[in-house]
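S.K.: Below, each chain spelled out in residue letters.
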Amino acid sequence: MDEILKHGARTQERVSPELLDRIAASVGPSLEPVRPLPPPWAIEVALVAIATAIALAGAAKAGFDGFLGLSVSYRVIIFCGLAVLIFLAASEWVSENIPGRRRRFTAGAAVAVTIAGMLAVFGILFRDYHTTRFLHAGVACLGFGLLHAIPAAFLGWLVLRRGFAVNAVTAGLVGGALAGLAGVTMLELHCPNFQALHILIWHTAVVPVSAAVGALLAWMRDESPIPNRPT
Amino acid sequence: MATQLLLPTIDSFSRFAECGYNRARRFAPMASDIDLENLMVRYQQGDLAAANSLIQGMSPRLHRFFVVQFSSREHADDLLQEVWLRIHKARHTYRPGEPVLPWLYAIARNIRVDHYRKSARTTGQEQPLDETPEAETITTAEIERIPELDVLLAPLPKSQREVITMLKVEGMSLEEVARATSSSIGSVKQKAHRGYEKLRERLTMLGLGKGKVGELQ
Chain A
1 MDEILKHGAR
11 TQERVSPELL
21 DRIAASVGPS
31 LEPVRPLPPP
41 WAIEVALVAI
51 ATAIALAGAA
61 KAGFDGFLGL
71 SVSYRVIIFC
81 GLAVLIFLAA
91 SEWVSENIPG
101 RRRRFTAGAA
111 VAVTIAGMLA
121 VFGILFRDYH
131 TTRFLHAGVA
141 CLGFGLLHAI
151 PAAFLGWLVL
161 RRGFAVNAVT
171 AGLVGGALAG
181 LAGVTMLELH
191 CPNFQALHIL
201 IWHTAVVPVS
211 AAVGALLAWM
221 RDESPIPNRP
231 T
Chain B
232 MATQLLLPTI
242 DSFSRFAECG
252 YNRARRFAPM
262 ASDIDLENLM
272 VRYQQGDLAA
282 ANSLIQGMSP
292 RLHRFFVVQF
302 SSREHADDLL
312 QEVWLRIHKA
322 RHTYRPGEPV
332 LPWLYAIARN
342 IRVDHYRKSA
352 RTTGQEQPLD
362 ETPEAETITT
372 AEIERIPELD
382 VLLAPLPKSQ
392 REVITMLKVE
402 GMSLEEVARA
412 TSSSIGSVKQ
422 KAHRGYEKLR
432 ERLTMLGLGK
442 GKVGELQ
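Quick mapping for you: the protein sequence lines, in order, are chains A and B.
Reminder that position 158 of the first sequence reads as 158 in our numbering, one-by-one numbering, no gaps.
Reminder that position 217 of the second sequence reads as 448 in our numbering, one-by-one numbering, no gaps.
A couple of the hints might just be wrong.
Stated by the list, open to error - Here are a few chain B residues that sit away from chain A, every Cβ distance over 10 angstroms (derived from the structure):
| # | residue |
| --- | --- |
| 1 | Asp266 |
| 2 | Glu268 |
| 3 | Asn269 |
| 4 | His294 |
| 5 | His306 |
| 6 | Ala385 |
| 7 | Pro386 |
| 8 | Pro388 |
| 9 | Gln421 |
| 10 | His424 |
| 11 | Arg425 |
| 12 | Met436 |
Unchecked claim - Here are the computed distance ranges between Cβ atoms for each label pair:
| # | chain 1 | residue 1 | chain 2 | residue 2 | range |
| --- | --- | --- | --- | --- | --- |
| 13 | A | Ala57 | B | Gly417 | 39 to 47 angstroms |
| 14 | A | Pro17 | B | Thr435 | 37 to 45 angstroms |
| 15 | A | Leu158 | B | Gln312 | 51 to 59 angstroms |
| 16 | B | Arg273 | A | Gly143 | 34 to 42 angstroms |
| 17 | B | Gln312 | A | Ala49 | 49 to 57 angstroms |
| 18 | B | Pro327 | A | Ala112 | 29 to 37 angstroms |
| 19 | B | Thr435 | A | Asp222 | 39 to 47 angstroms |
No lab work stands behind these hints, which were simulated from the structure alone.
Glycine included, each C-beta is placed from N, C-alpha and C at the ideal position.
Using the sequences and the hints given, assemble the complete structure.
M.R.: Following this line, the structure appears as structure tokens:
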């Protein structure tokens, strides 16, 4: 089998010279020098900075009540954990937009790890299982988190607009998750409600909802007949 | 005689798929890789000669990739043109110093997936990417012209066909195939191993396996 495939590999594929000429002619006229993408780490830093800035700006406007209500150890665990997840999501989003880049996880696994990580941290730290105005307060937090995910996603898209997503839907999924993490970080800084179910359900929900919206928008853009590839 | 040669090589592939093929290439690029990188960098700088060299050099390989995937030369011709247009538009996303083949094949895969989606929309008969095609009867006459890779690999699911083409026909390393297919090395090894198992079963089913050596001669 090995020999057969090797023999096949040695057999020169026939491509008509006319076809090659046509390809060369279609590429030639627009052949101008292009600036390669910046190093992936620089893009990742930019994405992390955007998510952090959006979270801080939102909390600065709404108040740092949540942050002030937490003990020092809780602050360290929660915000270090969120920082790791934001970095992970930023790195995966960059990988999604550079063809042939090494991958640590699939997009779905990255989003699942993010959600599982948040659930684990929040589940361990918050033990007050009382619920007060569960639905009303929860929907407000979900909406507030998603509201902050929108600018994070938009600015992230601007940073990555020169990239080339080989799979737009998974790129949208990971991008949405990163934007959602900006929203969750803002909620952890701002929201003074430390009831376990409120945080586990409504704060965490920002990430999957935002990721799903990102994937949906990317799918719609991919399906649209308007050309959407980078030029 | 030929089967006596075939079966040990299938086994050796199974072992190599498990232990990691071409591991050294992950760290030591071959001269041709460096040439490709140089051409790619010059292409980004607007060098027409480099662009033409890349087109001349890579087109047969990309064409074979599409032929093996679709078993159709007409489709492969169309897709080859399309892939070069997309490579041209996305050429700034190549990072100098990175391997070129995974970058090129990642874009080729993107074209292939787009093509499936468009044809599914047109015909209204969507097929999952991993669907195993109907088993085709490979006749002795076809066996004799085995260099036609599309015939040889036709019974495999598309994802396994793609991985085997990249690994064994294009000579890419596991790392490069993993990059090109946006998956892990473990997943690539698994697909390659399963693909080879299927090919082995198929050969045995066709009477080309152990104990029926004579029929091949």
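S.K.: Is the claim that His294/B lies outside the interface with chain A correct, judged by CB distances over 10 angstroms?
M.R.: At roughly 5 angstroms from the nearest Cβ of chain A, His294/B sits no farther out than 10 angstroms, so the non-interface label is violated.
S.K.: Go ahead and decide if the range 34 to 42 angstroms is satisfied by the Cβ distance of Arg273/B to Gly143/A.
M.R.: Since the Cβ atoms of Arg273/B and Gly143/A sit about 52 angstroms apart, the hinted range of 34 to 42 angstroms is violated.
S.K.: A range of 39 to 47 angstroms was offered for this pair. Does it hold for the Cβ distance of Thr435/B and Asp222/A?
M.R.: holds, 42 angstroms
S.K.: Measuring from beta carbon to beta carbon, are Ala57/A and Gly417/B in 39 to 47 angstroms?
M.R.: holds, 41 angstroms
S.K.: Taking the shortest Cβ-to-Cβ distance between Ala385/B and chain A, state whether it exceeds 10 angstroms.
M.R.: For Ala385/B, whose nearest Cβ neighbour in chain A is about 13 angstroms away, the distance exceeds 10 angstroms, so it holds.
S.K.: Does the claim that Glu268/B lies outside the interface with chain A hold up, using a Cβ gap greater than 10 angstroms?
M.R.: holds, 12 angstroms
S.K.: Is it correct that the beta-carbon of His306/B has no partner in chain A closer than or equal to 10 angstroms?
M.R.: holds, 13 angstroms
S.K.: Checking a non-interface call: every C-beta of chain A should be farther than 10 angstroms from the C-beta of Arg425/B. Is that right?
M.R.: holds, 14 angstroms
S.K.: Checking a non-interface call: every C-beta of chain A should be farther than 10 angstroms from the C-beta of Gln421/B. Is that right?
M.R.: Given that every Cβ of chain A is farther than 10 angstroms from that of Gln421/B, nearest at about 14 angstroms, it holds.
S.K.: Note whether the CB distance of Gln312/B and Ala49/A lies within 49 to 57 angstroms or breaks it.
M.R.: violated, 41 angstroms
S.K.: Using the C-beta atoms of Pro327/B and Ala112/A, is the stated range 29 to 37 angstroms upheld?
M.R.: holds, 34 angstroms
S.K.: So Pro386/B supposedly isn't at the interface. Is its beta-carbon more than 10 angstroms from every beta-carbon in chain A?
M.R.: holds, 13 angstroms
Consistency with the previously given hints fails for numbers 4, 15, 16, 17, ordered from lowest to highest.
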